Amino acid sequence: MRKMIINLTHLILCIGLLLLPIHPTQAAFVDDLKDGQHVLLMRHADAPGYGDPIGYVIGQCNTQRNLGEYGKNQSKAIGVWLSNQGIQKAQVFSSPWCRCLETANLINKGPVKIEPALGSFFDDMSLEKNKTKELEALVKDTLGRQSRTPIIFITHHVNIQGYTGKAVGVGDMVLARVSKDGKYLSHTIYPSPKP
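Residues in the sequence shown are numbered consecutively from 307, following our numbering.
For the record, the hints were derived by calculation from the structure and aren't laboratory data.
Nothing here was measured: the structure is a model prediction, and the numbers come from that model.
Honestly, I wouldn't trust all of these hints.
[Stated by the list, open to error] DSSO-like mimics (lysine-lysine), calculated; alpha carbons at most 30 angstroms apart, straight line: (1) Lys419 x Lys489; (2) Lys472 x Lys489; (3) Lys486 x Lys472; (4) Lys419 x Lys382; (5) Lys486 x Lys439; (6) Lys472 x Lys419; (7) Lys500 x Lys340; (8) Lys446 x Lys435; (9) Lys500 x Lys472; (10) Lys340 x Lys439; (11) Lys395 x Lys378; (12) Lys472 x Lys378; (13) Lys439 x Lys489; (14) Lys435 x Lys419; (15) Lys489 x Lys446; (16) Lys395 x Lys489; (17) Lys500 x Lys382.
Starting from the given sequences, assemble the full structure and let the hints guide the process.
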């Protein structure tokens, strides 16, 4: 009877282990971002509100929806999380929107390059197909001329959803595996760390 209980306990433990979620290791995350087949897409950190005010102007932050204190702290927490994964420096590209630029600067992974292809099309969803093609071209071009430096694109939920088909929350990251022509193949979502 005791042997049967031990065997049953062993079986339950084995089944339990099989049911645990499997997450890529820290080394795999960094290796993927250096293999020339992956990019990290990130939605900007928390910016209170919805959309942008009527009449907003790109380049004039006081006319846009911007990061609040939580979003600023969230951005810093994302930067720490990336460092803990082994990413100290990256090529960082941002949408021209101020909430994306501020997120990009606060993660502190290197100089930030403004990239119009990452700009939101929330105000005109008919642009989704064209903006997704622009993003594919950006991915192709960036991967084609870089050498094992992680690439981070900070953009908006509509852009990420248009490219991957997945909706993500503020500050969430999508490790996207891509083809040589910049097209999306598959992904792993990394939820934003809490500040």
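Evaluated hints:
At roughly 21 angstroms between alpha-carbon atoms, Lys419 and Lys489 fall within 30 angstroms of each other, so this suggested pair holds. The suggested pairing of Lys472 with Lys489 holds, with an alpha-carbon distance near 15 angstroms, which does not exceed 30 angstroms. The hinted pair formed by Lys486 and Lys472 meets the criterion: a straight-line CA distance of about 21 angstroms does not exceed 30 angstroms. Between Lys419 and Lys382 the CA atoms are separated by roughly 18 angstroms; this keeps the pair inside 30 angstroms, and the hint holds.
Note on Lys486 and Lys439: the hinted pairing holds, with a Cα-Cα distance of about 14 angstroms set against a maximum of 30 angstroms. With a C-alpha separation of about 25 angstroms, the suggested pair Lys472 and Lys419 falls inside the 30 angstroms cut-off, and the hint holds. Between Lys500 and Lys340 the CA atoms are separated by roughly 26 angstroms; this keeps the pair inside 30 angstroms, and the hint holds. Simply put, Lys446 and Lys435 have alpha-carbon atoms about 17 angstroms apart, close enough for the 30 angstroms limit, and the pair holds.
A threshold of 30 angstroms between alpha carbons decides the hint, and for Lys500 with Lys472 the separation of about 21 angstroms falls inside it, so the pair holds. For the given pair, Lys340 sits about 23 angstroms from Lys439 by alpha-carbon distance, which is consistent with the 30 angstroms threshold. At roughly 19 angstroms between alpha-carbon atoms, Lys395 and Lys378 fall within 30 angstroms of each other, so this suggested pair holds. For a cut-off of 30 angstroms, the pair hint linking Lys472 to Lys378 stands: about 24 angstroms separates their Cα positions.
Distance restraint check for Lys439 and Lys489: the Cα-Cα separation of roughly 9 angstroms lies within the 30 angstroms cut-off, and the hinted pair is therefore satisfied. With a C-alpha separation of about 23 angstroms, the suggested pairing of Lys435 with Lys419 holds against the 30 angstroms cut-off. Taking the CA atoms of Lys489 and Lys446, the gap is near 8 angstroms; set against the 30 angstroms cutoff, the hint holds. At most 30 angstroms may separate the alpha-carbon atoms for a hinted pair to count; Lys395 and Lys489 meet this at roughly 25 angstroms.
A distance of roughly 10 angstroms separates the Cα atoms of Lys500 and Lys382; the hinted pair therefore holds under the 30 angstroms criterion.
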